[in-house]
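> For the sequence shown, the positions run -9 to 103 when our numbering is used.
Note that these hints are calculated values from the structure, not bench results. In this text, a Cβ means the ideal position worked out from N, Cα and C, and glycines have one as well. Just so you know, not all the hints are guaranteed correct.
As the list claims (entries may be wrong) - With a straight-line cut-off of 25 Å between C-alpha atoms, the simulated DMTMM-like cross-links for lysine to aspartate or glutamate are:
| id | residue 1 | residue 2 |
| --- | --- | --- |
| 1 | K11 | E39 |
| 2 | K1 | E79 |
| 3 | K11 | E(-1) |
| 4 | K64 | E52 |
| 5 | K11 | E56 |
| 6 | K73 | E15 |
| 7 | K1 | E39 |
Unchecked claim - For each label pair, taking beta carbons as the anchor points, the in silico distance ranges come out as:
| id | residue 1 | residue 2 | range |
| --- | --- | --- | --- |
| 8 | H70 | E34 | 16 to 24 Å |
| 9 | E52 | N81 | 28 to 36 Å |
| 10 | M67 | T47 | 17 to 25 Å |
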Amino acid sequence: MTKYQTAYEGKIFQLKLFCGKEYPESPPSVKFQTRINMACVNPETGVVEPSLFPMLTNWRREYTMEDILVKLKKEMMTSHNRKLAQPPEGNLFYPGTEEARADPKGPAKCCVM
């Protein structure tokens, strides 16, 4: 791997960002639909754990959804994440359940280059 290559390179990950009634005062919840191995993501549920992702722990109302996606991409590039083996592409956290079905409006996607 070169300096910028990661185990995530060339893959598309689906995730959902849910804004509760307290948003933007409180952070949204972030959950990967696509299976991913990443230190801040719960391996059983796909939830980005706020305690392991400082942006959510130290949330500010001026942060945007784009800021979250950019920080997740930067987190993928860290030394402890970039070489983690990844599940086969398209592998979902709850296949065949309501949880895994695509939102009619379409899921948010973060494409890592």
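> Look at each hint and say if it fits the structure.
Against the structure, the hints:
Taken as a hint, the K11 and E39 pair is honoured in the structure, with Cα atoms around 20 Å apart against an allowance of 25 Å. A threshold of 25 Å between alpha carbons decides the hint, and for K1 with E79 the separation of about 7 Å falls inside it, so the pair holds. Pair hint K11 plus E(-1) does not hold up; C-alpha atoms about 35 Å apart against a cutoff of 25 Å. With a C-alpha separation of about 19 Å, the suggested pairing of K64 with E52 holds against the 25 Å cut-off.
Taking the CA atoms of K11 and E56, the gap is near 19 Å; set against the 25 Å cutoff, the hint holds. For the proposed pair K73 and E15, the alpha carbon gap of about 35 Å is over 25 Å, so the pair is violated. Distance check on the hinted pair: K1 and E39 sit about 22 Å apart at the alpha-carbon level, within 25 Å; holds. Checked against the hint of 16 to 24 Å, the pair H70 and E34 passes, with Cβ atoms roughly 20 Å apart.
Checking the proposed 28 to 36 Å range against E52 and N81 shows it holds: the Cβ atoms sit about 35 Å from each other. For the pair M67 and T47, the beta carbons lie near 20 Å from each other, so the given range of 17 to 25 Å is met.
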